[in-house]
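Sequence order for the protein chains is A and B.
Take the first sequence: its letters are residues 0 to 255, numbered as in numbering that gives the first Met the number 0.
Take the second sequence: its letters are residues 0 to 257, numbered as in numbering that gives the first Met the number 0.
Simulated from the structure, these hints should not be mistaken for laboratory data.
Backbone N, C-alpha and C define an ideal beta-carbon position, used for all residues, glycine too.
Among the hints, erroneous ones may be present.
[What the hints assert, rightly or not] Cβ pair distances, simulated, as ranges:
hint	chain 1	residue 1	chain 2	residue 2	range
1	B	42	A	56	56 to 66 Å
2	B	191	A	117	32 to 42 Å
3	B	3	A	35	28 to 38 Å
4	B	228	A	35	23 to 33 Å
5	B	237	A	9	52 to 62 Å
6	B	38	A	79	46 to 56 Å
7	A	187	B	91	21 to 31 Å
[Stated by the list, open to error] If you want the footprint, here are the derived chain B segments under chain A, 3+ residues with CB under 8 Å:
hint	segment
8	16-25
9	37-45
10	73-87
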Amino acid sequence: MSKTAIKIIHVSKAFTQGKRSLRTSLSEFLSVPKKKQVLHDISLEIEARKTVGIYGSNGSGKSTLLRIIAGILQPDGGELEVNGKVAAVIELGAGFNPELTGRENYLLYSTLLGMSQQSIEEQFVKVLEFSGLGADIDLPVKQYSSGMKARLAFSTAAFSDAEILLLDEVFAVGDREFLDKSHQLMEKLKKTKTILLTSHNTALLHGFCDEVIRLEKGKLVSKNKLFDFFLDLPEGEEFVTKVSSNSMYPLLKKMS
Amino acid sequence: MPDSYRRFWQATLVFLRRDLQTRYASSVLGPLWIVLYPLALVVITVAVFSFVFGGPAESPTYALHVIIGFVHWLFFSQSILKIVYVFPNNESLIKNHQFPLLSLPASALFSRLVDYLVGFVILLLAMTVLGHSFSLGTFLTFALLLAMQMVFQFGLGLFFATLNLLVRDAQYLVEILLQIWFYATPVIYTLAMLPSSVANLLAVNPLTTLFSSYRQLVLGNTETISSNLSWVVVLSLLVFIGSLWFFGKNKHQFAELL
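Model the full assembly from the supplied sequences, consistent with the hints where possible.
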């Protein structure tokens, strides 16, 4: 029996554009405020322990969707149901304090994830080993490369006790070695966690994920865009498509 | 419920630790500044104001008045300023992580409490030198009044911090307000130095009652409190509860407003 981990029904999100000032407040008062629709009526259901990739170009609303699922942003409308503890890695290394060392940042980050003191200490060994940071763990994070930050952020989230992992472009800056290592870890994590992974690299997504959905200009891709969707798929692989009539977005399953 | 309570305190402590670790991170003297900074502020201001208003030789209790006034004024104003800027200063954290947001202003208050404790030790030293001391009873009353001040300044800071995200003008308003408040509070003067009409007017200011009470507790009955403490308690609790409500109503859109 499969349980639903994330259920999104008709979720929309718009951001008010521009800065607030007395002048804009007055004009807002007189007219309809200018808003940028970032997500349009998204409906999505993700089963527990599934790994789902979200594919989309810059500005397609991937990060906003993850922020809504993580509870950082409030949706304007619709329903959201998240069953389980969430760990999100959005905007790599954001929230790391540059002055603190990798170890201190790990402590801060995992505390914010709501982990107990005991499991923070227990998991540290695994994080240290997987991230491959070695003695650099005691250097201030401002001296880290973006790859090092990515390794620390991803491994902290991966070894936390969260049941749902939201990973936004985590593998974009990693080198080959990190990608291979991550691949192995993801295979392990997939058995116990629900994972949502965004990227604009389809080949990478299909390598990691059970299903890939496509987001374009804040909409889940509809039927008439289906052809473009197939064009983006990596060559030489076989996929099974599943389209449900009421939601109009395709789910792809890689044949193995 | 107990889980969110635990998460709040865990986050508050980890933020407090981060704040104390990073505050003077790139400086040579490092954590020594946590003692040196408030020490320097108090010593300089006491020296200047003792010189301008009469001089310490004339009245050694005046120096004590100024120390008490300044240590508590700095705790009040610095806490409010730190709380007002705490959300913009942690923008990327708020935009990318989900955690109890109230832990940020709470850690800001406790961070300033550490500074205050340094100031309090200076006060204790000055008291010893000038032949004053606390009994257990006066010390406990003192701590209780200080707790009231913390409730008041936390509420006020949180209100302006929330307002500042809705309209960024609030931070300038706060700085001006604190400037006025400084002169309307017996920090560098005592109520006894004022004409009674002005002193009665200042009684509306809860800090007047608090600061006068601190001085009374340290020095004995040198001043009469013109306003009673119940006003301070009621106002502090109203401000505290009101701003918690105001914060709670708006916290969901913080990540968006930043």
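So, going through the hints one by one against the coordinates:
At about 60 Å, the beta-carbon gap between residue 42(B) and residue 56(A) stays in the expected band of 56 to 66 Å. The supplied range of 32 to 42 Å is broken by residue 191(B) and residue 117(A), whose beta-carbon atoms lie about 57 Å from each other. Roughly 33 Å separates the CB atoms of residue 3(B) and residue 35(A), a value that falls within the hinted 28 to 38 Å. At about 52 Å, the CB distance of residue 228(B) to residue 35(A) disagrees with the hint of 23 to 33 Å.
For the hinted restraint 52 to 62 Å between residue 237(B) and residue 9(A), the CB-CB distance of approximately 41 Å leaves it violated. A hinted range of 46 to 56 Å for the beta carbons of residue 38(B) and residue 79(A) is consistent with their spacing of about 51 Å. A hinted range of 21 to 31 Å for the beta carbons of residue 187(A) and residue 91(B) is consistent with their spacing of about 30 Å. For the segment 16-25 of chain B, the assignment as covered by chain A holds, since 5 residues bring a beta-carbon within under 8 Å of that chain's beta-carbons and 3 suffice.
Only when three residues or more bring their CB closer than 8 Å to a CB of chain A does the claim for the segment 37-45 of chain B stand; here the count is 0, and the claim is violated. Coverage of the segment 73-87 of chain B by chain A is violated. Counting CB-CB distances below 8 Å, 0 residues qualify, and the rule asks for three or more.
Comparing the model with each numbered hint stated earlier shows that hints 2, 4, 5, 9 and 10 do not hold.
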